[in-house]
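Whole structure, please, built from the sequences with the hints as guidance.
If you read the protein sequences in the order shown, they are chains G and Y. Counting from 9, one number per residue, gives the positions in the first sequence under my numbering. Counting from 3, one number per residue, gives the positions in the second sequence under my numbering.
Don't read these hints as lab results, they were simulated from the structure. All C-beta atoms, glycine included, are put in the ideal place defined by N, C-alpha and C. Take these hints with a grain of salt, some might be off.
Stated by the list, open to error - Pair by pair, the computed Cβ-Cβ distance ranges are:
id, chain 1, residue 1, chain 2, residue 2, range
1, Y, Gln151, G, Asn163, 24 to 32 Å
2, G, Thr23, Y, Ala96, 25 to 33 Å
3, Y, Trp155, G, Asn72, 27 to 35 Å
4, Y, Met199, G, Glu11, 47 to 55 Å
5, Y, Thr178, G, Glu87, 22 to 30 Å
6, Y, Gln210, G, Phe114, 43 to 51 Å
7, Y, Gly181, G, Glu80, 43 to 51 Å
8, Y, Gln210, G, Tyr119, 51 to 59 Å
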Amino acid sequence: MIEIKNLYKSFEDKTVLKDISSQFKDGITNLIIGQSGSGKTVLMKCIVGLLDPTEGDVLYDGRNFVKMSKKEKTMLRREMGMIFQSAALFDSMSVLENVMFPLDMFSDMNYKDRKRQAENCLDRVNLLEAANKYPGEISGGMQKRVAIARAIVLNPKYLFCDEPNSGLDPKTSLVIDELIHGITHEYGITTIINTHDMNSVMGIGEHILFIYDGRKEWEGSKDEVVSSDNARLSAFIFASDLFRKVREANR
Amino acid sequence: MAQLGVNSIGIVLLISFFIGAVICIQIKLNIQSAWMPHWVSGYVTREIMLLEFSSSIMCLILSGKVGSNIASELGTMRTTQQIDALEIMGINSASFLILPKILGLMTMIPFLVIFSTASGIIGAYATAYIGHIITATDLTSGMLYEFNQWFFWMGVIKSIFFAFIIASVSSYYGYTVEGGSINVGKASTNAVVSSSMLILFSDLFLTQMLS
Ligand SMILES: Nc1ncnc2c1ncn2[C@@H]1O[C@H](COP(=O)(O)OP(=O)(O)OP(=O)(O)O)[C@@H](O)[C@H]1O
Ligand SMILES: [Mg+2]
Numbered sequence: 009m010i011e012i013k014n015l016y017k018s019f020e021d022k023t024v025l026k027d028i029s030s031q032f033k034d035g036i037t038n039l040i041i042g043q044s045g046s047g048k049t050v051l052m053k054c055i056v057g058l059l060d061p062t063e064g065d066v067l068y069d070g071r072n073f074v075k076m077s078k079k080e081k082t083m084l085r086r087e088m089g090m091i092f093q094s095a096a097l098f099d100s101m102s103v104l105e106n107v108m109f110p111l112d113m114f115s116d117m118n119y120k121d122r123k124r125q126a127e128n129c130l131d132r133v134n135l136l137e138a139a140n141k142y143p144g145e146i147s148g149g150m151q152k153r154v155a156i157a158r159a160i161v162l163n164p165k166y167l168f169c170d171e172p173n174s175g176l177d178p179k180t181s182l183v184i185d186e187l188i189h190g191i192t193h194e195y196g197i198t199t200i201i202n203t204h205d206m207n208s209v210m211g212i213g214e215h216i217l218f219i220y221d222g223r224k225e226w227e228g229s230k231d232e233v234v235s236s237d238n239a240r241l242s243a244f245i246f247a248s249d250l251f252r253k254v255r256e257a258n259r
Numbered sequence: 003m004a005q006l007g008v009n010s011i012g013i014v015l016l017i018s019f020f021i022g023a024v025i026c027i028q029i030k031l032n033i034q035s036a037w038m039p040h041w042v043s044g045y046v047t048r049e050i051m052l053l054e055f056s057s058s059i060m061c062l063i064l065s066g067k068v069g070s071n072i073a074s075e076l077g078t079m080r081t082t083q084q085i086d087a088l089e090i091m092g093i094n095s096a097s098f099l100i101l102p103k104i105l106g107l108m109t110m111i112p113f114l115v116i117f118s119t120a121s122g123i124i125g126a127y128a129t130a131y132i133g134h135i136i137t138a139t140d141l142t143s144g145m146l147y148e149f150n151q152w153f154f155w156m157g158v159i160k161s162i163f164f165a166f167i168i169a170s171v172s173s174y175y176g177y178t179v180e181g182g183s184i185n186v187g188k189a190s191t192n193a194v195v196s197s198s199m200l201i202l203f204s205d206l207f208l209t210q211m212l213s
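Here it is as structure tokens:
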């Protein structure tokens, strides 16, 4: 479980995160949703330590990440996997080498075992046939799947995904969502996903944190989203014509 | 990472060959006259190649090629979040990415100096054998006249300093890029300009110190 307590983050001239507290449980998909610019990426970067929060604590199963020494942070990072908005594959390496890279760095397995482990993960995301291609040669959706394979190759306890569906068509998005959801339940991972994709919210929103202008505006599950009477949440969720019609049809 | 140097062998050989040839022609046709000893052209060609061209000028050229390459590679890794990905894995991205580049270039550059000097001398001989501008015997006697080994080592030592400048300055600009591809372009320009400047200034001091 990851817990954030009274998190603030300011840049020189403006405060982006204001007093955010929440809990992200393991074995379920935790979504952070909000408008573009509301601070989702900044929040995630504060949680994983790519940015230092101005104030507040981030607890990984009770271990306070903010107060850790650099060495302790490095150790904890080996339990994390992250999927970036841009996939962030190393473009000088083949798909298989990308997935093997964390193993090359941190495991004491021999080459054969590392290769087998990487291939298992590639198989998990249905990409075994692309193992010898380079990131530049595969589609965006495939890149995201490779990024998932790379993120889970060390069996992480914590998985972070910054807009895993951005730039993908609805069908591919669904594949990615279900992969992440499946992996999370299979291995009991604490998964946090940034998204503004309503299909994801309705599909895998087991716990949803809605950020509005850097503040926590609403928290709940996908079933509570529909019935919520929070005006800002409704305005955000039902900004899409389709979802508005779906809601009206349901009433 | 040794690729940084290996990929530059071609351009180094090419430029050095022509510069060696041109220096030799210039000296022979424009400066040498009846009252000068016959070895002047060979001698001057050798000294220019050893003292300045193969180390300083070549490194200036390489700062354009290798420097912009390093800066744009690291800059792209930064903007596409590949550096963040390394950090998340618990890898110290700066030492993981930058150190091998600095060490690689510092190891490769003495060989490039040797190649450059050799190619320059071959260029000079080409003017004798192909262009018939100077006789090979005159050239050889000039090449061997009062040869000072230290000049060669001076070039090598200088170039190692320059290699450090090119790799570290360019890495700095690339690694610290913020934003998008426009800034990657800017970083690679800044990397080349700054490392060229630093090479020029440090050349002044190094030459004074080592002479
Ligand atoms: N390094 C930074 N320096 C200053 N301001 C920043 C920095 N990073 C982000 N911000 C600001 O923080 C705010 C939130 O940005 P953030 O990237 O978290 O939005 P987001 O919710 O992820 O949006 P999107 O859905 O478009 O990705 C923005 O107004 C942005 O300008
Ligand atoms: Mg974002």
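Verification of the hints:
1. Take glutamine 151/Y and asparagine 163/G: their Cβ atoms lie about 59 Å apart, and the range 24 to 32 Å is violated.
2. Checked against the hint of 25 to 33 Å, the C-beta distance between threonine 23/G and alanine 96/Y comes to roughly 29 Å, which is consistent with it.
3. A beta carbon spacing of about 56 Å between tryptophan 155/Y and asparagine 72/G contradicts the range 27 to 35 Å that was offered as a hint.
4. Taking the beta carbon of each, methionine 199/Y and glutamate 11/G are about 51 Å apart, inside 47 to 55 Å as hinted.
5. A beta carbon spacing of about 29 Å between threonine 178/Y and glutamate 87/G agrees with the range 22 to 30 Å that was offered as a hint.
6. Our hint of 43 to 51 Å for glutamine 210/Y and phenylalanine 114/G holds, since their Cβ atoms are close to 49 Å apart.
7. Under the hint 43 to 51 Å, the C-beta atoms of glycine 181/Y and glutamate 80/G, about 31 Å apart, miss the expected range.
8. Distance hint check for glutamine 210/Y and tyrosine 119/G: the Cβ-Cβ separation is about 52 Å, which falls inside the suggested range of 51 to 59 Å.
When each numbered hint is compared with the structure, violations occur for hints 1, 3, 7.
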